Amino acid sequence: MKRYQVAAIFENIADLLELSGAEPFRAGAYRRGARAVENLTEDLEKVTREGRLEEISGIGKALAQKIKEILTTGTCHFYEELRGKVPPGLTDLLEVPGVGARTARVIYERLGITNLADLKKAAEEHRLRDLPGIGAKKEGYFLEGINLLAGRGGRIPLGFALPLAQELAGRLRRLPGVERAEVAGSVRRHQETVGDIDLVAGTVDPRGLMEAFTTLPQVKEVLARDETTASLTVGPGWRVNLWAVPPQYFIQTWHHLTGSKEHNDRLQGLASGMGLKINEYGIFREEDWAQGENVPGPKPGQHSLRGTGEPRGSPEAGGPSALGTSAVGAGSELDTGEGSAMPWVGEGQASPAASRREASFVITSEKELYQHLGLPYIPPELREDRGEIEAAREGSLPVLVEEGDLRGDLHVHSTWSDGLGSIPEMAQAARRRGYEYLAITDHSKSLGIARGLNEEQLRQQMREIDRLNRSWEGFTILKGMEVDILGDSRLDIADDLLQELDLVIASIHTGFRQPAEQINRRLEGALKNPHVDIIAHPTGRLLARREGYSVDVDRLLELAARTGTALEINASPDRLDLCDQNARRAREYGIKLAIDTDSHSQAGLEDMKYGVAVARRGWLEKKDVLNTLELGDLKRWLNT
DNA sequence: GCCGTTTTCGGCCCGACTGTTTTCAGTCG
Ligand SMILES: Nc1nc2c(ncn2[C@H]2C[C@H](O)[C@@H](COP(=O)(O)OP(=O)(O)OP(=O)(O)O)O2)c(=O)[nH]1
Ligand SMILES: [Mg+2]
Ligand SMILES: [Zn+2]
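Going by our numbering, the first residue of the first sequence is number 1, and it counts up by one from there.
Just so you know, these hints were derived from the structure itself, not from any lab. Keep in mind the model is a prediction, meaning the values are calculated, not measured. No residue lacks a Cβ here, since even glycine has one placed at the ideal position from N, Cα and C.
Cut-off 35 angstroms, straight-line C-alpha distance, at most; resulting in silico cross-link-like pairs (DSBU-like, lysine-lysine):
{"#": "1", "residue 1": "261", "residue 2": "220"}
{"#": "2", "residue 1": "609", "residue 2": "2"}
{"#": "3", "residue 1": "2", "residue 2": "85"}
{"#": "4", "residue 1": "261", "residue 2": "367"}
Pair ranges (Cβ atoms, derived):
{"#": "5", "residue 1": "237", "residue 2": "118", "range": "24 to 32 angstroms"}
{"#": "6", "residue 1": "89", "residue 2": "512", "range": "29 to 37 angstroms"}
{"#": "7", "residue 1": "431", "residue 2": "636", "range": "21 to 29 angstroms"}
{"#": "8", "residue 1": "515", "residue 2": "57", "range": "31 to 39 angstroms"}
{"#": "9", "residue 1": "513", "residue 2": "68", "range": "27 to 35 angstroms"}
{"#": "10", "residue 1": "218", "residue 2": "403", "range": "20 to 28 angstroms"}
Using the sequences and the hints, build the whole thing.
What follows is the structure, encoded as structure tokens:
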């Protein structure tokens, strides 16, 4: 857990360095260092003890020394010194759209402003417009931005974003002229929460596409729109961006906009080491690129709707680009006409400089793109610069688990406790999904609010399940329970009864405020109990609603590995617990993971995809996942 | 500050747009 503290300090140092006008690459080194520490799968303190810090890519002598210092003292001198020189409040100003380090610095140096409230006041009093590099327009944007910040929602949970994005992409796909429409950005990478929804379409009729997109029934507000990009909000203010590109650019642009930024960054670095250049328009040999520079053509930056003095965010005009990467080939005289092969490119049309070059290779799939860089295909879930490039180069990328590999669900509730579906109903839903087995794991008695089962009720339920299992073939209900881990680390149900169950899940539902020490003791009790097979939602976090209880994850993993206990990836979209990074750590410990929906209804079984998303982002292969086993093997595993 | 199938020094991802510039820096995706 210390690693987040170190990462936060490094991130902060990077901001403060930029604000102080330091060499940008030096600040960048701290940012890289922050990410390296955050993405470390090993226990940071262990790596430090063993003197292996400098083996981490991005950590050199200076950062290693600072990590040691932070681990022992909680901070470091350099950081404290920097905070003395640069008011730490200045980092808040960076939140304002259009305000970067440079601008924040000028504002501070000239006006002494160090917080958002003062910035707002200064903007209202028109004291910003006289500063160098700032005029009346920027001042207006800043003010607008500050006001927007207040009402800004947090990130969107994937459980909302993914279905919405797929629905929107599906609608776009059906429009005339659209050859492809796909989800990009963090949604495609299946991040647990996303900042916005990014969509890309390859079309011969961008204008028609934009018109249709901005008038979809879900649209709440159109924030910005020009001929090739649009940004709007749906639902409670969730932002959706669409880029339209000519069909021949689709793959490159889709890949570029899938990111992550860090992954793109690394790929581009890799390319330049190979004498190649890669951008959203194609892959270029350096020679070809240099040649292209001489290609005569219209000057870039002539979008007809740009710079018309429209207010920012006007639905009619773009204003300052709502989407930084501008769509390709927009011109003032768009020929949207009847299906010509290259409808976007024509004489006398303005197009950005880079897009006027002809790519050295024709790319028809992302796989080919990676091939040109000497790499195997890297699935979107891995594109985070968390070691996937190195693994790809070594040929050691994991073969990621897929939803189709799963043979059952091991954590499901029924009407016997707080579920909405009866046992037969849940079983039927599981069969419809093609599962071989389903574990019914209702709550235990101490969880009165969920109508937890006592010993007698559990025995009854077990008899009912036996009856049902005798009534069909090719499908098995496993007798299980989600046993509550009590405050004193005992389990809610006695061992002799647990022994009779096929499967025992243990989890914590109370005492969330207890200190880590106590939580870990409780988990330890469960892990050491020979009847406990799986720890459910091991950190207790609720996405965007509740921090987990404080638990020492490294200790938990160590003990789970030692006791041969599986850990859950709870697929319920508001849990996703373990998270991707912890799942990956668990895998490195050799721990088996169970991807479970924790369904309280038949529909809940469909949440499995979110659990699989977490598993894939955690680099899990089929063999790492308990419920990919066929029934016989699963039973053997449960009995050992 | 970090790093090396191009390097131990000199790079560090890339492109587009905007305002305010007098020819480009800052910001963003
Ligand atoms: N090469 C490059 N690509 C970028 C950069 N910033 C963003 N992109 C690309 C990759 C991103 O996935 C994509 C969309 O940008 P977003 O800001 O929406 O990021 P993303 O969707 O990854 O995360 P989010 O959840 O929206 O915050 O654009 C950059 O600095 N360089
Ligand atoms: Mg995004
Ligand atoms: Zn449950």
